[in-house]
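Asks: Chains A and B supply the protein sequences, listed in that same order.
Be aware that the first sequence starts at 1, since it is given in full-length UniProt numbering, and climbs by one per residue.
Be aware that the second sequence starts at 1, since it is given in full-length UniProt numbering, and climbs by one per residue.
Since the hints were derived computationally from the structure, they do not count as laboratory data.
These figures come from a predicted structure and were not determined experimentally.
The reader is advised that the hints may include incorrect statements.
Any copy will do: because identical chains look the same in the list, a pair fits if it lies in one copy or spans two.
In silico DSS-like cross-links for lysine-lysine, where the CA-CA straight-line distance does not exceed 30 Å [claimed, not checked]:
1) K361 to K177
2) K140 to K365
3) K7 to K389
4) K7 to K349
5) K390 to K284
6) K349 to K164
7) K43 to K181
8) K105 to K141
9) K259 to K349
10) K361 to K237
11) K237 to K352
12) K310 to K113
13) K43 to K5
2 protein chains.
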Amino acid sequence: MSYLKGKSMSDLREDNSAKIIEIVLKSGPLSRSEISNISGLTKASVSTITRQLIDEGLLEETGFQEGNKSVGRKRKNIDIVSEAKYVIGVEIGVKTIKSGIIDLKGNLLNELKISLNTKSEKTIINKTIDVIKKISANFKKNEILGVGIGATGIIDNNKGVVIKSPNLNWNNVNLKKEIEKQISLPILIDNNVRLMALGENRFCYNWGEIPRMLFIHAGYGIGCGIILNGELYYGYKFGAGELGHTIVIPDGPTCTCGKNGCLEAFSSGHAIISNYEEVKADSKNYLFEINNIILEDENGINYANEIMSKAGKYMGVSISNLLNLLAPDLVVLHGELFDSESYYSNVEKYLKSNFFGVNDKILTKRSKLNEKAAVIGAGALIIDRILLKK
Amino acid sequence: MSYLKGKSMSDLREDNSAKIIEIVLKSGPLSRSEISNISGLTKASVSTITRQLIDEGLLEETGFQEGNKSVGRKRKNIDIVSEAKYVIGVEIGVKTIKSGIIDLKGNLLNELKISLNTKSEKTIINKTIDVIKKISANFKKNEILGVGIGATGIIDNNKGVVIKSPNLNWNNVNLKKEIEKQISLPILIDNNVRLMALGENRFCYNWGEIPRMLFIHAGYGIGCGIILNGELYYGYKFGAGELGHTIVIPDGPTCTCGKNGCLEAFSSGHAIISNYEEVKADSKNYLFEINNIILEDENGINYANEIMSKAGKYMGVSISNLLNLLAPDLVVLHGELFDSESYYSNVEKYLKSNFFGVNDKILTKRSKLNEKAAVIGAGALIIDRILLKK
């Protein structure tokens, strides 16, 4: 019931300070007068708050505005100091742990990636702690706002618990608690595809200028991060976004989840590899990997084209359903499958032909953060929650 | 960018006053001390604000709390005065205009329903104005907070314009402006199914204790009202909720919208009647109405059972897709189709068998407001926007 909370004067001061930081992150550099216009706060309040934030080193004056012909004092611009604070982003995958330090404008520094050849909770947690210690070794503790960690599966992001991760074979792992034992920084855990969505939304579109954005990851599995009203949407028990397990053909082929006709049984890397294994059942030494299949598809091999086209068709139908249900401003596509012309052209085709309504745009874009989306998004989570108090 | 607005002291006072009204609407009667606990506001602030609201006649003291054994003064309860203000709700349908006066607790008074046998904008607007004047004749203007109006179709609820209503055959009708010419009260316009969702959420579940609720209307057509984070969700250009035009069988039969395989081509009253017309092509004088078909279904007539069961199956699949995507707390089902055992049992069956994830509940309930949902919901819109400043 937090939305029912009233606000005290001190809440108000903190909220207004966070709002000003957000406005400058989004649209800076800006003059105090522009910040006052956007926020609706008086110029006096803006001056007081920006002075304090400049003293803290978070904001800085970056010279005078150009083209300012008004009589009187020229307006000074104010901007975020990118390196005032840093955040740590980590993605725990099935085969790798990726990590990096991210500054306040999303620049990725000190990347570190290590391989995993185990699903052991203990080993992976220890390796994660090692990685965090290594990449942050040259930073002072007060320079770092916190550590964001993304993992596959259904994750309780309030408690920082991996409830169920079929890919990692984890159940009810309290990742936050385990990491906090060794790292004395704020730790936040979330689903990796949700973090990809957040990172793309915050750092590639002026800190959230796209309020309704769907982020679709199609790799070995299919996931969907949903941003509505500018915020990540989680649903009851963090269950939202299971696009891969929506039904695209009722009574269709069995999915790995045990149900029939899920999108993931048609349009995921897993399904594509399965279909390929049937076609190439007799071929020895063939490496069944998505990139190999995309390559054969590009080389015009018929069965590769067919398999990829069919997979793309059902992805397009599913995205059209999302458009008709949620009417987002933007759909961001992530993962190597969308690089395949056979796949992607059918996504576009079926998305368009099944779209309903009076909207005049259907906007899909490729991810700009690509394979770094989850790590950068984990950093965005820390900025959102800790610096901007969202 | 309204979420970027800072807040002044006077915004704060208004917000805190609206929060207290909402808390009492939701959980009243409550003591000042309980209001202070829920809101986080000091007891002094709560006392000042409640005193003012009592003076305005919106709140009242309703006696002492029972079972209060603490030493010192007994705590007085505070509650909403249901009849402190009224709102007017109107639904413009294809065949009728329904209307009513609603008090602050959702009680419907002075109902008035008139028939329509035209789609003429001018006639319908004039009849709507007449209806509003008639039902409010015995009320003083300052007793009425405003008029909420629901209509079918895609509606710009900011401007109060019916952008496109295939059922009414209207395009770009500025309903708000036309009504305001004759009625000097605040007027808000919205889609009728969205208002049904809002009315159910506000008046049947303690003013929004279900933050994520989907409301599915299955009548002649299919519509869906979406409440997320406690608020109606509209999407880009008010396009969200087109559940009827999500694809349930790719390349399936043609829908009235021109696409193939939409849910509405399988599971709507329209589709059921079409299927029935094929089966009973030679029967004269048969009245092809949903209620007749449901009756034959109840009487065990095979082809009625088959048609209704198939329709229910695809509705169940579609609802399971909604659950997997949005993980709502509750799905409310509205419309006579859900009264059919053949239809409803398949909704339940396919919803359950296609549900994925770790959630331990799949909660569907029948609408409690039934055919009055849109009129009452139109009233809820006025309370939300005008009294609670949402």
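Asks: Run through the hints listed earlier and report the numbers of any the structure violates, in increasing order.
Replies: 2, 4, 5, 7, 12
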